[in-house]
Amino acid sequence: MSSTWSTSDLSPPNRVVSVLALSALVLVWVLNLGTILPNRIVPGTGHGLLSAIGWPGAMLVTAALSGCLLIALLPLRFRYVSLLILVSASLATLPLLLEVFAARHLPENSPYARSSIGSGFWCLLFFLSLMLIEIFGRLGSGRGLQLIVVAVICGSWVWLFQGDGLESLSLVREFNARPDKFEQALWTHLALALGAVTISAGLAFVLALQMIRSVAWRRPVLSVVSFLQTIPSLAVFGLLIAPLSALVEAYPVLQALGIRGIGWAPAMLALVAYSLLPMVRNTYVALTEVPESLADAGRGMGMNERQLFFRLKLPLALPVIVEGVRITTIQAIGLTAVAALIGAGGFGSFIFQGLGQAAMDLVLLGALPTIALALLADALLSMLAASLRPTPATA
Amino acid sequence: MRAWLPPLMLATLLCGLSAGMSVLEPLYEWVQPDKQQVIYERESFLSLLQNHILLVLISACIGTLVAVAGGIFATRPSGRDFLPLVSQIASIGQTFPPVAVLALAVPVLGFGEAPILLALILYGLLPILRNTLAGLQGVDATVKQAALGMGMSPLRVLLQVELPLAGRVIVAGIRTSVTINIATAAIGSTIGARTLGDPVVAGLVNGNTAYVLQGAILIGLLALTVDSLFEAAESRASAI
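Read top to bottom, the protein sequences are chains A and B.
Each residue of the first sequence is one higher than the one before, counting from 1 in my numbering.
Each residue of the second sequence is one higher than the one before, counting from 1001 in my numbering.
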């Protein structure tokens, strides 16, 4: 870690952080920080920064952002360390703004009134996150430090949201109205996405091996899987309904298995079809790009073909295969949300229910966890791929 | 000339089916025997198709302009500072599911065409931006040196050396972006855009599989037509 500190000694001023801090400062004063709604559906009244959290709060936000601006520009030692502390502290305490806002503005005697997050708050969150990414890059910090900072910020958010102060937030209200359904949606979403990834990984592995063994398979397999990827998801989900219904009608035994024209069965089929392209391509490329000289070395050591595959080719190909799994998982998590349109469940059902009822916070209750799942899968699988990458023996 | 045959045939099929969907009426009656009406008639398929193409086209044009300009800015000496952040945004942004981006546009901008257009532009930007950066950074430094040494101004190096060399990668990014946006625009009909997703959503709501099928066939055909257009353009470019 010692090398990371020395880079921050009197480094040149950072234009990126200063531009981001300035934009955030302007937007947070111009846009609404939050909205108070009399009930679930009626559009509410917006409150700007000053009206939302009063002079002390507004000054504190302004001071934090101006602080970032100054630290980024002035000739300072430990520029990025101080920025990291300031930005992550701001991010960790961000929900407090909503808490103060609700405490100041929520009418006492109306049980249906609720507070909602405004675009100013989203902008603040967005720009602070961009600043954090930029600071991480400049510090050249390892994954360890990034993980700790993100964990501290997330922990603080979870702790603040569990308290009573944010109970009036409409997003929290929507969640509290259906904790069981939320949990069920989470499991359905995960089961569908991960199930499709697992099945397609198995299929892709077999297909890739077949493609390596015989040249005749290569072009047809690749063109079929990329054809599947081109068709929009809504069309695939729609096209599967009719044949599946016909199949179930012809073979009633399928119905006993829970297979119908709508629901999880067509969703799973479509998800597997979509997952094949990134999986097949990465597995095939990974296995064929192991240098022949290495395989020769293995043969020279007396390995047979089976040992060669399991001890040499597969371990070397694994990082690229995991990269394929990462792309596929992110894509499957997003497509599972669309699958809610054909009744497959998952977080997408909140999105489309919310859109149907014009209840925006229900939409958020579906969209935010979907994004969080995708980001989490991205982080976990990139870490896995990085840890699998072989380290040069000479280092 | 042969390269243009598949897109031409697909486009003809797409327009023909949009204009005369009733040709396939027996098929839809077989799929949905219990319904009086099997052809979606709330709006003509042609106008839905036109609107769908318009949404994708506008977002692709604006997205390409912004992304290529951003990519050029981040790779110039004056914009170098922003390069790490811009490439991080391009890669992290693509982990956001398109449906979620579409859904988030509604609370901020409301229902209708405007939020969809904005979501399509923002989301479609990312693959183009990523490929522009990759393409421009992939241009050999010695080639740029040689061009500067010949007395070309930095602007001419950009226009006559860097962009042509990066062109193929940039077009591949535009192709990815357009493919994603055709699919996302279809889902956009759930938030009030008039696209080919309308019959699908209406059919799912009313339990009319024939509607679903009509929308799905046209969306699929549109995606294939556009994809084969890119294919033909790319094969022509490589033939030169």
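Keep in mind the hints are simulated off the structure, nothing from the lab.
Source: prediction; values computed, not measured.
Some hints could be false.
Just so you have them, the derived chain B footprint on chain A, three or more residues with Cβ under 8 angstroms [as the list claims (entries may be wrong)]:
#1 11-24
#2 237-245
#3 263-272
#4 343-355
#5 367-374
Every residue, glycine too, gets a C-beta built ideally from N, C-alpha and C.
Taking 8 angstroms as the Cβ threshold, is the statement that the region 343-355 of chain A is covered by chain B upheld or broken by the three-residue rule?
holds (count 5)
Is the listed coverage of the region 11-24 of chain A by chain B valid when you require three or more residues with a beta carbon under 8 angstroms from a beta carbon of that chain?
Coverage by chain B holds here, the residue count being 3 at a Cβ distance below 8 angstroms.
Taking beta carbons only, do three or more residues of the region 263-272 of chain A come closer than 8 angstroms to chain B?
violated (count 0)
Are at least 3 residues of the region 367-374 of chain A within less than 8 angstroms of chain B when you compare beta carbons?
holds (count 5)
Are three or more residues of the region 237-245 of chain A within 8 angstroms, CB to CB, of chain B?
As far as the region 237-245 of chain A goes, the hint holds, because 6 residues have Cβ atoms under 8 angstroms from chain B.
In summary, the structure is inconsistent with hint 3 from the numbered list given earlier, while agreeing with all the others.
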